[in-house]
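**Student:** Sequence:
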Amino acid sequence: MSNSGVLSAYQQHSVQGASPVGLVIALYDTILRDFRRALDAMNRGNVETRVFELNHSLTVIAHLKSVLDFERGADAAKRFDNFYEITRGMILSVNVDSNAATLQKLIEMYSSMRQAWHDAESRGHK
130 MSNSGVLSAY
140 QQHSVQGASP
150 VGLVIALYDT
160 ILRDFRRALD
170 AMNRGNVETR
180 VFELNHSLTV
190 IAHLKSVLDF
200 ERGADAAKRF
210 DNFYEITRGM
220 ILSVNVDSNA
230 ATLQKLIEMY
240 SSMRQAWHDA
250 ESRGHK
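Numbering (the working numbering), first residue to last: 130 to 255.
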């Protein structure tokens, strides 16, 4: 999916009434789906699909980075930017060396972050 495709999906959810936090959760769900598909492809020896899915996750992460608000939430934005940069490096590493353990760690990291966003939304931070 291109950047315009990510934006289109983001806007589609927005039109459907999702909160800003709900939109972030949806993007994390997309990243997690990409990671799981990449892991499955890796286990099957399908390099093309693995690379496609990991590259798609990088596109979604680039979109998340592009909407960070460093003026209103400087500390949080810096932390998220750092998280995205660290995980971007991990994804690039997986793309090169096909390390399933690193990909599993990424799944755990993004699952944890997704849960934190979900908890924040449940507490009314929409």
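Hints listed in this document are in silico derivations from the structure and should not be mistaken for laboratory results.
Warning: the hint list may mix true and false statements.
DSSO-like cross-link-like pairs, simulated, lysine-lysine; straight-line CA separation at most 30 Å [as the list claims (entries may be wrong)]: (1) 234 with 207; (2) 194 with 234; (3) 194 with 207.
Derived Cβ-Cβ restraints for the label pairs, each shown as a range [to be verified]: (4) 176 with 205: 16 to 26 Å; (5) 199 with 169: 30 to 40 Å; (6) 180 with 249: 11 to 21 Å; (7) 173 with 206: 37 to 47 Å; (8) 225 with 149: 13 to 23 Å; (9) 172 with 201: 35 to 45 Å; (10) 252 with 208: 37 to 47 Å.
Ideal Cβ placement from N, Cα and C applies to all residues, glycine included.
**Student:** Decide, hint by hint, whether the structure agrees.
**Tutor:** Taking the hints in turn, this is what the structure says about them:
Only pairs whose Cα atoms come within 30 Å are accepted, and residue 234 paired with residue 207 is accepted, the gap being roughly 22 Å. Of the supplied pair hints, the one linking residue 194 and residue 234 holds, its CA atoms being roughly 20 Å apart against a limit of 30 Å. Annotation: proposed proximity of residue 194 to residue 207 holds, straight-line Cα distance about 10 Å (limit 30 Å). At roughly 37 Å, the beta-carbon separation of residue 176 and residue 205 lies outside the given 16 to 26 Å, and the hint is violated.
The supplied range of 30 to 40 Å is met by residue 199 and residue 169, whose beta-carbon atoms lie about 36 Å from each other. A C-beta distance of roughly 33 Å is found between residue 180 and residue 249, which places it outside the suggested range of 11 to 21 Å. The supplied range of 37 to 47 Å is met by residue 173 and residue 206, whose beta-carbon atoms lie about 38 Å from each other. Here the CB-CB span from residue 225 to residue 149 is close to 34 Å, at odds with the stated 13 to 23 Å.
At roughly 42 Å, the beta carbons of residue 172 and residue 201 sit within the given window of 35 to 45 Å. For the hinted restraint 37 to 47 Å between residue 252 and residue 208, the CB-CB distance of approximately 19 Å leaves it violated.
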